[in-house]
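Now that you have both chains on their own, put them together as the hints suggest.
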Amino acid sequence: MKKLLVSFLVIAAAAIAQPRPDITGSIMGTQKAVIAVPDMRGAGRAEALMAIVNSTVFRDLEDAAVFKMAPKSMYPTRVPQQPTDFRKPLQYDPNNRNAAPWLQDWSDPPVNADYLAFGYAAEKDGQIVLYGWLFNVKQADVSGAQAFGKLYFGPVDEAGARKVAHEFAADILKHFGVESLAGSKIYFVSNRSGNKEIWGMDYDGQGQKQVTAYKSISTMPSVSPDGSRIAFTSWALGQPQILVHSLETLRRIPFLNPRAGTNQNASYSPDSKQIAFSSSASGFSQIYMANADGSGIRRLTNTRAVEVEPKINPKTGNDIVFVSGRGGGSPQVYRMNSDGADVQRLTTGEGQATNPSWNPQGTHIAFAWTRGYDPGNFNIFVMDVNTREYVQLTSGAGRNENPTWAPDGKHIVFSSDRGGRSQIWSMLADGSQLRQLTSAGINEKPAWSK
Amino acid sequence: MTTNKASALALALCLSFFAAGCKKKVPAPAPPPAAKTEAPAPKVVAKPIVKFFTAEPATIERGQASSLKWEVTGAESASINQGLGVVGNSASGGVIAGNRSVFPSNTTTYTFTATNAGGSVSETVTVNVTAPTPTPVKDTPAPKATFGEAIAREIQDVFFDFDKSDIREDARNVLTQNADKLKTIFRDYSTGTVTIEGHADERGSAEYNLGLGDRRAIAAKDFLVQLGVPADRLRTLSYGKERPQCTDNNEACWQKNRRDHFTGQ
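First to last, the sequence lines map onto chains A and B.
Position 313 (the first sequence) corresponds to 313 in this note's numbering; numbering is contiguous.
Position 83 (the second sequence) corresponds to 83 in this note's numbering; numbering is contiguous.
Only chain B is shown next, with the shape it has when bound in the complex (with noise of 0.2 Å):
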């Protein structure tokens, strides 16, 4: 979510910088008056003086919290670190306190800056971070699969005779158990597309075998746009003999690559 905010803003950034750039040209600026010659002689400020800065405790579980503490006096501003920024600001240059939780997940160490107009001064702590310790296991239901785990796991491969796109006799029964599968995976997910992959064995040449896995892939989705699986959710892909999944130089392995496999995204 926060990402999304960011990049949307870095987006709104980019075009609003590139909309300045399409504006018309605006003429240069005068160039500065010449510096005087004399400067100010300048002003003597002490550094700010840190107080303490310190994380109690300092070695946390993951996911628990640590607390940074901090006080500097004779500082303008003051800030820490890892994505932390600014954490206080005294115009008069008195004392800045404070403190945040952080939960870093990794041992982190934290710099807290203090600056003023005579210079900055740094304190580092670092957060030791430990595993936390395995609970348990409990008897949680699995996860729901991903619509991609469901295809690969339901789907089967369908399988080709030599230089044939026909669908044959065993394929005709994978493919029927496919399509109730599809039907009932399509409803338990609403968005996902199926792609079949039409694959070649090595013999034909490749430009033939293109084509040929074309029409593998549209034979076996027309079969299933048959039995009612909905056609916007199936794709095809031909790979021809650029994918095999076997590459031995005999008929088992021949058949293994001409196939309709199927993936879901």
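Pulled out of the complex, with its shape left as it was, chain A reads as follows (with noise of 0.2 Å):
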């Protein structure tokens, strides 16, 4: 609720300041308060984990994107391991190299910083333990300054130094009210096994997991809003069909497809009882909406055109985007009710307008777009749905497609083959810190989880 209101205040303030609206402004937010992060030290078996540990702590703060993160050449060559190492000296001379460390080697330039999150680690009964701080370094003295101090326990290997880190950098990024994305699951296609199966990962793109193991082609990944279910189209069974496989069994859960040669893009409503889909029951791939179960079935769209790919708004549960070719045109991505009333066209006609996905806070939506370029020459847009304003994302770099919203409403996860072959790549709304989360094989369809 509390980060409801601050985003919305973010897009109300940014809204007043710029007469023409700046969609990746009001998604990105402006003011970011600059953190500074030294490396931490380690003693006993920790020392040799401390890379992970630092570079992961600071990987997840940069990538939460609330932060101007400190040049860390413009770091003092005095860094504290602990607030006691801090001192306050009489008289302040950054160019004392026998002072103690103080808060003004932070905040002054060329630092500039307003927090800093420092510690140590060392190995006690056989787990590593994280010491980690936050201190406001504007502040006046140590005890004004400490914003938390924490411990943080793991195993001593590189999957215990990821899970202190990881845990230390959500703490910084809760006391700025940000969930930290580092729970969060990215789903996606892998054909790294012989076969198109569903994989699953961390969303730095550590630890890939394959998900089924189906032999057949196994694709379009969607997960539960509830983080229970996943479901995908699958040929497992002959002709595609939407399969639906619990996340805490891994085994499959029934779904009745309606009889048709082909059921496909299956999507969740906010509260995962109900599940958008595409059947070509009619003869045509029109847009159905059913309980989660399949049962319920009734059908939203009624044209003589292929319509795929249904989301429904995650905030609302009542506008669904989807892609169709009504019109005789190629596929653009349109809008209609929940109900199949009040249809509208969202994209200009131009190009081939597909992959529609909706951000977290329902107002903005992700797609993929020929606009401008050779067919099949794909690049990221987001639209807000309100004002139809678009902005391009990705441009001359191969063909870029699904995209998906982070939980925290300010990354996607996209496929791009820039590199060759395509993989899974995720970016900041504004275009902005790209990141190759695979290389295995050929890597595709991303979905982003809580």
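Note that these hints are calculated values from the structure, not bench results.
Glycine included, each C-beta is placed from N, C-alpha and C at the ideal position.
One or more of the hints may lead you astray.
For each label pair, taking beta carbons as the anchor points, the in silico distance ranges come out as [stated by the list, open to error]:
no.: 1; chain 1: A; residue 1: A397; chain 2: B; residue 2: G228; range: 49 to 59 Å
no.: 2; chain 1: B; residue 1: G228; chain 2: A; residue 2: D293; range: 40 to 50 Å
no.: 3; chain 1: B; residue 1: T146; chain 2: A; residue 2: R299; range: 35 to 45 Å
no.: 4; chain 1: B; residue 1: V45; chain 2: A; residue 2: R251; range: 51 to 61 Å
no.: 5; chain 1: B; residue 1: Q245; chain 2: A; residue 2: A397; range: 22 to 32 Å
no.: 6; chain 1: B; residue 1: N128; chain 2: A; residue 2: K215; range: 33 to 43 Å
Not close to chain B: a few residues of chain A, all C-beta gaps over 10 Å, as computed [unchecked claim]:
no.: 7; residue: A51
no.: 8; residue: Q81
no.: 9; residue: D108
no.: 10; residue: N337
no.: 11; residue: R371
no.: 12; residue: G372
Next up, the structure:
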């Protein structure tokens, strides 16, 4: 609730400040606190793991896109490891090499930080223990500066190092009212086992694991908002049909497919109780809605065109965006009410527009569009659904498809063949901070879940 | 035929097993009485003596027979492995003798085992199998093609325009020929179904192309049914762009992938 209010204020502030609406600015926010994150040191067996700890903390904070990261080259040589290292000098002298660390080392130029994350790690009772602190270095004294100090425990291995680092970074983000992406998962399709199967991984590309093993074609995954189920399209039973797996047991859950040559593109309602999908039961792929087990099916569209990829607004549960070839043209992105009424085209009619995906706030969609390029050369766009203003995030770098939003509403994961073969990439919703997350085989159709 | 019988038997056994499992549990039997402390002195029995176990001829051409012959004294039972099983019993431990023709398709070693209370004795014999000398090829008529082969040979792909599922002029001609051939093939083969696979080129989205491939397959099916091909022997299956027959990045290749392909099952 607080977050909502904050983002509303940010959007409102941005709208007042700029006469012309700035689409990504309203998503990304404007004012950012500057944070310094000097490398922490470790004792005993923790020492060898500090490279992982430091890079994970730094990346989690940088990726969250709520801070400006103070440039490391500007950091002072006097780095505190714990609060007692700070000694208030009688006369502050930044050039006194013998002086103890002080807050102004970080708040003054050239670092100009608002916050300092610091600490150290040790091995204790067969565990790695990370002592982490967040200080507001603009404060006058140490007691006022401490935002929090906490201990983090994990096994003395790489996974343990990542765990304590993710937890420290998550607590720092929580202090700013931001949920860390560290616990979130990205599901995607990979052919690295020899067949297209559904895979899952951490948000930063770590821990890639195979979810399905049908040895057929399994693709187009979609996770229920409650995180309990994953629906996808598979040829495992012969014709392309919707299959649902539990993400707890990884076993198949019954889903009643209508009698049709093709059933595909399942996606969930915000309460996880309804599924929208595309079925060719009528002879044309059309948009349908059903209960999560496939019962209680109802048809939402009625055209003689191919209509696919329905996505229900995660906030209102009422608007559905989808892709349609109606009117005889190439596919475009449309919206309608969840009862099928009030259909409007959102894209201009140029090129092919596909793969719409709502942001968690239900205000914007990301989608893939060939506007301005030859057929097949898709780029990622973001559109404000109310004003229909759009901005292009990728350009001139291969084929970019299937953008979906992170739970934080600031990151987008998508597939791109800019490096040769299709791989999973993430970026911020303003197109910056590109990261490649996969490299083995061909990887596509990412879906980001909480 | 025999495998059918065997599997039917296995099924029956399984069913009876499960049926037994469904029954109400009977109380556990009473524990056996305590063993007697004094065991009777074991009776000493001499092992059986195998007089001979032979295969004649020891080398055959594939398809020919070899005759296994045996004689054993003092055995209560005799058996041969390789699926021949028990070949003789003698309650008194007398003479067991016999023969059996075998038709191994590859070189095979047979083990003859004679058993009595004193133990068992084994003998082995190997039948070498050579490939038959090829006979000159005669002008025999070629075997009739299977349904799937007939479809693969006779029924041609039809092609589509980019982002379209309309039947083009050239596709009309191909489908008209396909309809005639399908009617003939369906007359010749009383069973078998044709799957019309709809494919798309790589440029559209996978999702839209899956719907488009579905349309392309249905469009061809509707056309064939209008020309009198029985609908109940046609089914449609879209692969979208998941199974391209060509992966180059040019129009010639894309056109090859925008197709309906026919397979017979």
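Checked hints:
no. : hint                        : verdict
1   : A397/A - G228/B: 49 to 59 Å : 52 Å, holds
2   : G228/B - D293/A: 40 to 50 Å : 41 Å, holds
3   : T146/B - R299/A: 35 to 45 Å : 41 Å, holds
4   : V45/B - R251/A: 51 to 61 Å  : 58 Å, holds
5   : Q245/B - A397/A: 22 to 32 Å : 28 Å, holds
6   : N128/B - K215/A: 33 to 43 Å : 41 Å, holds
7   : A51                         : 39 Å, holds
8   : Q81                         : 52 Å, holds
9   : D108                        : 53 Å, holds
10  : N337                        : 22 Å, holds
11  : R371                        : 14 Å, holds
12  : G372                        : 15 Å, holds
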